[in-house]
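Peer 1: Using the sequences and the accompanying hints, generate a full structural model.
So the sequence lines, in the order shown, correspond to chains Y and V.
549 is the number of the first residue of the first sequence in our numbering; add one for each residue after it.
20 is the number of the first residue of the second sequence in our numbering; add one for each residue after it.
Honestly, the hints are just simulated from the structure, not real lab data.
Take the hints with a grain of salt, since some may be wrong.
[Claimed, not checked] Within a straight-line C-alpha distance of at most 27 Å, the following computed DSS-like cross-link-like pairs (lysine-lysine) qualify: (1) Lys976(Y) - Lys962(Y); (2) Lys976(Y) - Lys1023(Y); (3) Lys144(V) - Lys1026(Y); (4) Lys976(Y) - Lys1026(Y); (5) Lys586(Y) - Lys144(V); (6) Lys1023(Y) - Lys979(Y).
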Amino acid sequence: MSGTFIGMPKFQTAAKEALGNSQQRRNLQHATGTIRGKRARVVEELDNWEELRQAGAAIKDNVLTHLDTYLVQLEESLTRAGATVHWAADAEEANRIVTSLVRATGAEEVVKVKSMATQEIGLNEALEEAGIHAWETDLAELIVQLGHDKPSHILVPAIHRNRAEIREIFLREMGQVGTPPPGGLTSDPRELAEAARVHLREKFLRAKVAISGANFAIAETGTLVVVESEGNGRMCLTLPETLISVVGIEKVLPRLEDLEVFMQLLPRSSTGERMNPYTSTWTGITPGDGPQDVHVVLLDNGRTDALADRVGRQALRCIRCSACLNVCPVYQRVGGHSYGSVYPGPIGAILNPQLRGTASDVDQSLPYASSLCGACGDVCPVNIEIPELLVHLRTRVVDEHRGGIPSGEQIAMKGAAWMFADHRRWEKAQKGAELSGRALGKKDTIGRLPGPLSAWSDARDAPTPPTESFRSWWKREKGDQP
Amino acid sequence: MTSSPLTPQAPLPGRGMRVALFATCFNDTMWPETPKAVVTVLERLGVTVEFPLEQTCCGQMFTNTGYAREALPLVERFADVFDVYDAVVAPSGSCVGSVRHQHATVARGCGQPALADRATTTAGKVYEFSELLVDVLGVTDVGATFPHRVTYHPTCHSLRMLRVADKPLRLLREVRGIDLVDLPEAEECCGFGGTFAMKNADTSVAMGSDKAQHVRETHAEVLVAGDNSCLAHIGGLLTRQRSGIRVMHLAEVLASTERDFAVDNELGNQPGSATGPAHRKTTDQEVTA
Ligand code: SF4
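Peer 2: What follows is the structure, given as C-alpha cells:
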C-alpha cells in the first residue's frame, strides 16, 4: 500500500487496529457526544461568540508576529518577580534542566499538575530514568499513569476508558505506589473519585517539588495561569517548596486583561462550562506564601519552525481546548493513540508535522488523517483554519516526495492532470468510460474493482459508468456549439 | 418571498438569463443524469443554459491530495473558460467549494498573484445549484413532483464551505407529493472525503456505515444530497447492504414532474425498489439502450 499512496501508512495501520476495538469506540462516541452537546449549548448563550473568536485569534496573531519582543518582556517580568527563567531549545534540553533542578532540591519524587508541554517532551520518563518518581495528580492523568497507558485526548486523557476499566486499574495498581483503594470499591464515579482523592492527598502533603505547565503566561506582569477543574493543580501550585513550570513559548499573552477573552473562550470550548472551577495565577515568589523557589522553563521544541511557515503558524494560536477532537468524526472512531502523539485529533494532525517536521512516516500520514469535513474549523475558539492547514501540509508532504522514483499515486496524478489540461484528451478518456459502461450493461453497480481501487470496493459497491457521458449527450441533443 | 408557483401564467423567473453549466468531471462521466437534470430545471425556469465544451475539471482532487502544482493549470483553464459568463452553476457543493475557496490559494501558493486575482473574480460568479435557484433566481418552488419518502444529507462542503444552510431543504419542501423526513446526525461527515476514501478506507467505511445506518433508520426510499461523490460512497454501502434505498442528486428530484411518474407507471417500475428506481435514470437508459 505504501508504494501506492503517499502519506498514509502509519496513521492508517494504527486506525485500522483501533477501529477493531469496539469498546473503545463506544466509550469515545459516548464521551465526545456528551461534551459536544454541552459545548454547543453554552456557546449558543453568547451572542458575541464570533467577536470573541476574532478577538482571541487577533491577540494570538499579534503575539506570534512579535514573539521575540514579548518573550524578552516575559523573561524580564518573571525575573523581577523572583522567578528563575530557563530557555530550552528542544525536549532533551528541557528534560535536562528540569531533572537537574529537581536533583538540586534532593527530592526523589515530584507531584505534577496535568501539562501537555511536559507530556510532549516525555518528562516523566526522563525523570524516572534519573531515579525521580513523578506523580500525576489530575484524575484522568492518574488513571493513564496507573494503567501504564498513554493519554488519548487533550482534556480527558483517559477518555478511552470506562468506569469498570478504571476500577480494575485502581484495584490493581494504587497499592503498589501508595495508598490503596478502600475495600469493596465499586465503579460508582463518586467512589472512584474518592479513592483517587485519598491516594493523592498523601502525595500532596509529602511533596517538596511540583511541576506544572501553564495555559497562559502574561508578558507584562510575569504572571502564569493554570486553568483546571479539580483543584489538584492548585494543591501542586501552593503546597510544595519548589515549583517548576514548563511553558511553550507560544503561550504568551501581552497583558493581564487579554485573559478576559480567553477565559470566555476556553472553558466553554473545552468542558462546555461557562467557567471552570479553578483558575490559579501566580507571579514569581510571594514571601512567606506558596513556593519560595520558582522556575520557568520556556520551551521551543519545534515552535520556531512552525512560526517560520507563514500559513502554518496559525496552529500556534491553539489553546488546547480539545473542541476540535470532540467534533471530529475521524478522531471519534479511531481514538487518540492512532495519531502517535500527545496531540491527537485535528490539532494533532496539523501541529505534529509542524513541530516535528515531515520526515517520519507518522508525520507524513497525519495531514491525510481527515476527510476535510470542516467541523473542526467551525468550533475552534481561535479560528484556526484547520482544513486549509491540512491541505497546506499535504502539499508540503507531496512536494517533499518530488524527484526520485515516482510512486503509483504520483504517476496517476500527473497522468490525470495531463489529461484534464486539454478537453480533447479528456473526451477521449470519457469514450473509454462509455465503452466500459456499455460492456458492463445495465447493472447499476460494480461489486469489486481491481488493483488499488479495491480500497474502495472492499466494502462499497462502485457505480457502473453510464453508456453516454453528459458531454456526448449535449453534443447529440444541442449540437457542437455551447 | 422567494417562492414562485410555476403556473403557465406566472412570469418565468429566469427569463432571458444566460448561465454556463460547469458539469464537473465526475458528473460529466459518471452521473450525466445530474447535469441533464440541472438543464431541465433551469430551462423550465426560462434560463438559457450554455455548456462550454472546453471545460474539464476544477482540480479539487489534486489540491486536496497535496498536488497543488498539478492543479494550477486547471485553475487557469477554469478562469479562461468561465470568466466570460455572468453566472456559472455546478451541481456539486465540493467542486464549487474548491473553486471559491481554493483556486486563488493554489495560484498564490504557486507564485501566481495575477492568476489568483483572476480566479477570485471568476469564483465570485460560480454558484452551487441550490444557491443559483434560491439566491439568484429567487425561487424555491421549481414545479417538481416526487411522491416518495425522502431524507436529505447536507454534504460537508455544501454545509461548511459554502454555507448553503437550508436552501436545499427549502427547495425540497416545495416538491409536490414528497414525504421529507429528518436524517439523524445529518451534519456529520459521511466519510467520503475524496482520496480519504481510498487512503484511509477503513475509517472512511466506518464513518459511512454509521451514516448508512442513520439513513436506514428514517425508512426513506431515497437519500438526496447535492454531491454525487458523497452519494456514491453512501449509496455504495447501502447497495452492498442490499438496503433497497436509492440515492439521488437534488437536481434529479427537482427535475421530476408528474409526467415522469406516468412513464414509470407504464413501465411497471416500483418506486424506490432496487431495480426499478423511482426516477429518470432507468427510463432514460431504457430509451438510449
Ligand atoms: S485547534 Fe482550536 S479547537 Fe482544537 S484544541 Fe486548539 S484551540 Fe481548541
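Peer 1: Please go over all the hints and tell whether each is borne out by the structure.
Peer 2: These are the hints, each one checked on the structure:
For the given pair, Lys976(Y) sits about 17 Å from Lys962(Y) by alpha-carbon distance, which is consistent with the 27 Å threshold. A threshold of 27 Å between alpha carbons decides the hint, and for Lys976(Y) with Lys1023(Y) the separation of about 14 Å falls inside it, so the pair holds. Of the pairs offered as hints, the one joining Lys144(V) and Lys1026(Y) holds, with about 24 Å between alpha carbons and a cut-off of 27 Å not exceeded. Of the supplied pair hints, the one linking Lys976(Y) and Lys1026(Y) holds, its CA atoms being roughly 20 Å apart against a limit of 27 Å.
With a C-alpha separation of about 39 Å, the suggested pairing of Lys586(Y) with Lys144(V) is violated against the 27 Å cut-off. This hinted pair checks out: Lys1023(Y) and Lys979(Y) have alpha carbons roughly 13 Å apart, not beyond 27 Å.
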